[in-house]
Amino acid sequence: MSYDWYAARASGVVAYALITVSVLLGLLLSGRARPKRWPAFAVTDVHRFAGILAGVFVGVHVLTLALDSVVPISLPQLLVPGASHYRPFWVGLGTVAGELLVAVAVTTRLKKRLGFARWKRWHYLSFAVWLAATAHGIGAGTDANEQWLRLLYVCAVGSVAGAIAWRVGRTAAPAPARS
Amino acid sequence: MPNDSRIEAGRRRANASKRALALVAAGGFVAMLGVARHTHPGTASSGATGTSRALAGVSSTQGSLSLGGGTLASPSPSSGTPSQVQTSTS
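Those sequence lines, one after another, are chains A and B.
Under our numbering, the letters of the first sequence match residues 1 to 179, in that order.
Under our numbering, the letters of the second sequence match residues 1001 to 1090, in that order.
Only chain A is shown next, with the shape it has when bound in the complex (with noise of 0.2 Å):
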């Protein structure tokens, strides 16, 4: 039995999901959708600790496969994309997903330093980690196949891109009228 190849998967699916969370909680905040009971604050709060917990995950994920025996895979060839021996593109994207989310949460403590419009133009680049964590998941994932995680790319999909059409609709929909 080798249970770091469980917790490399499982820590992957986890993390995925996360990300999804926070992807989501940041479209919500930057669509400026103000639920009564949810200040911006609050919102901020919850996609961050997403995002910080979904990082955790991440760490967990590569490590659990540099130790892993079943998949050899070294730290190096996590580190760098395409450098795996194992489907080296959908890896790649893997690696690629993870730095561009070190580089996320860099840009987001460097916030008040870089200035608002500059952290922004960073922020987008969370877009690029979920859609590489998306690919590396269908392309290298050893459970890609399995029904509940088709249901569950699926659904994030589904959901993001639902989220995407409402943020695209509320900045182009015109200002209300003033009498």
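Don't read these hints as lab results, they were simulated from the structure.
For each residue, glycine too, the CB sits at the ideal point set by N, CA and C.
Please note that a few of the clues may not be correct.
[To be verified] Listed below are several chain A residues computed to face chain B (Cβ distance under 8 Å; list not exhaustive):
1. Val13
2. Ala17
3. Arg37
4. Trp38
5. Asp143
6. Glu146
Since chain A is already given, all that's left is putting chain B on it; use the hints.
Same frame as chain A, but now just chain B:
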């Protein structure tokens, strides 16, 4: 102050949501461990496709390759006998 209580309520909700998110993530991780073990390529009923998926492109330099309950014994050139394949599912 009603504004303070609104901020306090928001803070409480955020903290409760973060706790819930952490619990769901931890619970999800444990549940996924079970699912991953159940659908392990070496033990799942659809193991043939799973094994080929999991090991596609992997070259093993070791003498034998172990997948959970099944073991493929490497051929021994000295004995001259055909290699034995042991399979077991758990």
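Results for each hint:
Because the smallest distance between the Cβ of Val13 (chain A) and any Cβ of chain B comes to about 5 Å, under 8 Å, the interface hint for this residue holds. For Ala17 (chain A), the suggested interface contact is upheld, since its CB lies about 7 Å from the closest CB of chain B, less than 8 Å. For Arg37 (chain A), the interface hint holds, since its Cβ comes within 8 Å of a Cβ in chain B; the closest pair sits about 7 Å apart. Annotation: Trp38 (chain A) was flagged as interfacial toward chain B, and the flag holds, the nearest CB pair being 7 Å apart, inside 8 Å.
This hint holds: Asp143 (chain A) has a C-beta 6 Å from the nearest C-beta of chain B, less than the 8 Å allowed. Interface hint at Glu146 (chain A): satisfied, since its Cβ lies 6 Å from the closest Cβ of chain B, which is below the 8 Å cut-off.
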